[in-house]
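Using numbering that gives the first Met the number 0, you'd call the opening residue of the sequence shown number 0 and step up by one each time.
Bear in mind the hints are in silico, worked out from the structure with no lab data behind them. Here a beta-carbon is modelled for each residue, glycine too, at the ideal position from N, C-alpha and C. Honestly, I wouldn't trust all of these hints.
Said to hold, decoys possible - Within a straight-line C-alpha distance of at most 30 Å, the following computed DSBU-like cross-link-like pairs (lysine-lysine) qualify:
hint, residue 1, residue 2
1, K221, K181
2, K179, K260
3, K101, K221
4, K101, K260
5, K179, K124
What the hints assert, rightly or not - Taking CB as the label site, the calculated pair distances span:
hint, residue 1, residue 2, range
6, R94, E69, 16 to 22 Å
7, L272, R114, 26 to 32 Å
8, K275, D88, 46 to 52 Å
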Amino acid sequence: MSFLVYEAAQRLEKNSLVKLSRVIDWQKLGAKLGKLGRSGYGPQGYNPTQLLKALVLQAWHNLSDERLEEALRVRLDFMAITGFIDVPDHTTFCRFRNLLTKLKLWDGLLREVNRQLEEAGLKVKESQGAIIDATIIESAARPIRELEAIAVDREEEQVDYKVNETEILSKDPDATWLKKGKRSYFGYKGFAVVDQEDGYIDQIHITPAHVSEMTEFQTVIKERKDKRMYGDKGYASAANRASLKQKGIKNGLMEKAKKNKPLTHWQKKFNQLISKVRYRVEQGFGTLKRRFHFARASYFTTVKVHGQMVLKAMAFNLLKALNKAALKC
């Protein structure tokens with residue numbers, strides 16, 4: 000450790016970001032990088048765990064790669080947390096992030112962060128249930144024009160969305176249109192599964208914006224082993240309830256009124272009970288968009304947006320853990 004990094008660490012004992020970095024055992028997290036974590040990355044042989052720390056800081060502060068490089072050179076807290084002696088060029092972060100995407104390491108990193116938070120007593124190990132929902136994430140690209148046939152939120156399956164890449168005239172080949180209310184969005188749907196107790200994000204899933212939440216439900220819960228799964232009426236279908244039953248998961252999906260068949264008194268009561276739990280996932284999306292600036296993606300394609308959302312989820316969970324730890328003091 001250089002004198003500058005050591006001095007930075009000494010001066011920042013009470014800094015919230017430095018405290019945040021101590022919540023996690025970064026060596027164990029780095030071990031999830033596999034062979035990548037056991038050898039230096041790039042021509043300069045940068046420590047992959049240090050690069051991962053930098054990416055989490057980037058997600059926390061919503062920095063471009065260029066601004067991240069600059070912050071690592073001038074901010075004491077960034078120096079203390081990452082421990083870089085020689086600061087990587089901004090292109091190193093881009094290549095490293097793309098490599099994590101190529102190797103499909105993102106989900107494993109989020110699981111390891113959550114495992115450590117459970118071990119530290121900051122996250123419930125045996126949750127009573129999980130909540131699923133999706134939010135719109137606008138594309139980093141700006142399409143030249145809208146399509147005539149745009150999927151409508153909660154009616155996505157009614158639109159035959161077979162479109163040429165050239166038709167939407169966009170640099171982002173995976174982003175699609177979705178109309179919600181009076182506004183049309185071009186981008187993605189970001190699905191999240193959070194725990195019932197505290198709202199920690201357990202799982203991330205990204206699709207183009209036009210994909211129906213109802214039909215994507217079974218893909219998202221494929222590996223879930225929760226006691227109960229909560230969701231709004233956008234997930235309500237006989238097939239989805241049957242899927243939960245087959246997996247031994249109790250049904251917490253809101254009831255949806257049908258044409259000429261309004262909800263019964265007990266169905267309305269059931270929906271009210273679920274609404275009292277569902278606020279946690281909506282609250283989480285609000286924090287991701289306002290605090291972590293994730294209303295719009297920074298990268299193109301589904302897999303890269305997935306990686307960015309995982310990093311934002313890691314930052315979100317660490318913030319929640321930091322606040323919970325402070326309450327225990």
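Consistency of the hints with the structure:
A C-alpha spacing of about 33 Å is found between K221 and K181, which places the hinted pair above 30 Å, so the restraint is violated. Our distance criterion of 30 Å between C-alpha atoms is met by K179 and K260, whose separation comes to about 25 Å. The hinted pair formed by K101 and K221 meets the criterion: a straight-line CA distance of about 22 Å does not exceed 30 Å. For the hint linking K101 to K260, the alpha-carbon distance of about 48 Å lies beyond 30 Å, and the restraint is violated.
Pair hint K179 plus K124 does not hold up; C-alpha atoms about 36 Å apart against a cutoff of 30 Å. Take R94 and E69: their Cβ atoms lie about 18 Å apart, and the range 16 to 22 Å holds. The hinted window of 26 to 32 Å between L272 and R114 holds, with their beta carbons roughly 30 Å apart. K275 and D88 have their C-beta atoms about 50 Å apart, which keeps the hinted 46 to 52 Å range intact.
When held up to the earlier numbered hints, the structure conflicts with 1, 4, 5 and fits the remainder.
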